[in-house]
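This is what each chain is made of:
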Amino acid sequence: MGEKRIGEQTIAFKNPPSIISTAAIAGPKEGEGPLRDYFDVVLEDDLFGEETWEKAESKMQKEAVRLALEKLKIDEKDIDYIFAGDLLNQLMASSLAVRDYKIPFFGLYGACSTLTESMSLASMAVDGGYADYVIASTSSHFCSAERQFRFPLEHGNQRPPTSQWTVTGAGAAVISSKGNGPYITHVTTGRVVDFGIKDANNMGAAMAPAAADTILRHFKDTGRTNKDYDLIITGDLGKVGMELTLEIVKKQGFDMSTNYSDCGIKVFDLTQQDVHSGGSGCGCSAIVFCGYLYKQIMEGNLNRILLISTGALLSPTSTMQGESIPGIAHAVAIERGV
Amino acid sequence: MDYLRAFIVGGTICLIGQILMDKTSLTPARILVSFVTAGVILGAIGIYEPIVEYGKAGATVPLPGFGYSLAKGTIKEVEKYGLIGAFTGGIKATSAGIAAAIFFGYIMAIIFNPKAKS
Amino acid sequence: MEHTNEERLKKEFQDMVKKNAPSSNFLKDCLAAFVVGGFICVIGQFVMNFFLGLGVPKEDVGYYVATIMVFLGAFLTGLGVYDNIGKFAGAGSIVPITGFSNSIVAPAMEFKREGFVFGVGAKMFVIAGPVLVYGISSSVIVGIIYYIINLFK
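Quick mapping for you: the protein sequence lines, in order, are chains A, Z and U. 1 is the number of the first residue of the first sequence in our numbering; add one for each residue after it. 1 is the number of the first residue of the second sequence in our numbering; add one for each residue after it. 1 is the number of the first residue of the third sequence in our numbering; add one for each residue after it.
No wet-lab data here; the hints were simulated from the structure. Hints are not guaranteed to be accurate.
[What the hints assert, rightly or not] Cut-off 30 Å, straight-line C-alpha distance, at most; resulting in silico cross-link-like pairs (DSSO-like, lysine-lysine):
1) Z:Lys23 x A:Lys198
2) Z:Lys92 x U:Lys58
3) Z:Lys115 x U:Lys87
4) U:Lys18 x Z:Lys80
5) A:Lys295 x A:Lys71
6) Z:Lys92 x U:Lys19
7) A:Lys220 x A:Lys4
8) A:Lys14 x A:Lys295
9) A:Lys4 x A:Lys178
10) A:Lys266 x Z:Lys117
11) U:Lys87 x A:Lys251
12) U:Lys11 x A:Lys198
13) U:Lys87 x A:Lys220
14) A:Lys4 x A:Lys227
15) U:Lys112 x U:Lys19
16) U:Lys87 x A:Lys198
17) A:Lys266 x U:Lys153
18) U:Lys28 x U:Lys18
19) A:Lys295 x A:Lys227
20) A:Lys55 x A:Lys266
21) A:Lys73 x A:Lys102
22) A:Lys198 x Z:Lys117
23) Z:Lys76 x U:Lys153
24) A:Lys266 x Z:Lys115
25) A:Lys102 x A:Lys71
26) U:Lys87 x U:Lys28
One chain only, chain A, in its complex shape:
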């Protein structure tokens, strides 16, 4: 067993890496939401001056990386790796986004869990001594996700109340061995959990068991409980998935009702914005963390948080073949000082 591993699925870093810079770009609808003041850029138009939704998404991710670097005194060539992912087939948005950067690239697919997946791997690379500066970045776009996973935009269908709204947005974080926090102290890597939910319009329910599994595993491995965190926040479970997660975790003896939230709930105003159960997508936890949460930690409003991005690992093919939806969730513990 690796010397930095604790418990079954968790790593406690010996030299916790710092998140030294973040940037978040949000779409127009997200820019009307409650977190509007925390984004670096809010797009005026979903196409971002490009010809296709996919190219727009790619440009958002490229810009997020550029902005995150711009806030630092380091140059693109000082970056050792970029870990990036999105929701599109063959990672189109990420691959095109990093094409113009001369940075070694690992492409990741973890559906909407990609933000913490990339942050986990970036932290391991840094703490392992393989890199000094690593970028973790992810993106999603409502329009490119709709046409790939659901219906063409102009199709007149009705969304059920459990459905979620894919966030248009991109976030990038620079993780480094040099810096004064906020620190990534632990990562708990989730297992694929599938409780047999088949309804692709109820992804919150499909991912809730995975989120609960990872949270409980994190508590068990680290000996911490929900009381050790100012905030425990999942990626994109929405209202439906959030309630389910609370209930499962509560059954195991942890009452998180006072300090638990979900990025999919934070990013939109559920009563005003017609997003049904809440936001979803890689971009959801990306812009909420890189925009809002990071600033909250820097300003000292939050000292220690557990961020759990959640992914529904379905594909249009698996849905059509009648498979249930496998869920995944990766947790990252972030602390202001160590």
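Position chains Z and U against the provided structure of chain A, taking the given hints into account.
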């Protein structure tokens, strides 16, 4: 009177579709398929005919009406030309709708771009 | 033992999901479908009466109605209006022939960026294709059965 009947018959057919959508997890595409097939069967066994006579456009505009036209056209052609009518009748009777959908679909695709939802 | 335990957990969870599911606004949905669906048929009736008034024979008037209604559905889709009607009306705007038109025009527009042959041309039928496949196939079967029955008359 025509209008009131069309409204009630058409509305009711759509209402059945809505109940199926909300109470079962049938996707819109499956509902369209079931409705058109149901229209063909009901048309073939003569149940849809009185509905069309009563509801007029209220029965022909919804998709079961499309199925009804397919069945009616097929039967007419079989009577006229024999077995080959089974293959020619359906599309002949619905040719206007199908050709219009393809042609206007193409034209609209040239003229318009999809817009992001808000 | 481990296995049955997992099955039990899954079952428990699925019950929990059913219990927690937010109810869609069923009565509102039904009313909207009825009213909008009925209204679209009233427009169809108006078109029918208009052409009958011009002296189009009764057996041909269906062609006119279908063409005009399909055009209206296509045009409203192009303008970006039909998806908003659909959001409100659900089956009320899916079931009429205007919805069939919408389901052809929407992918045609959406996949234009993949080109006019493999984009527009090929993707046009991703949603509506099955309607034609099942509608036409079942009508062929009806024709064959009808033919056989007539042989024995």
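Okay, which hints does this one fail, numbers in order?
Per hint list: 4, 6, 11, 13, 15 and 17 violated.
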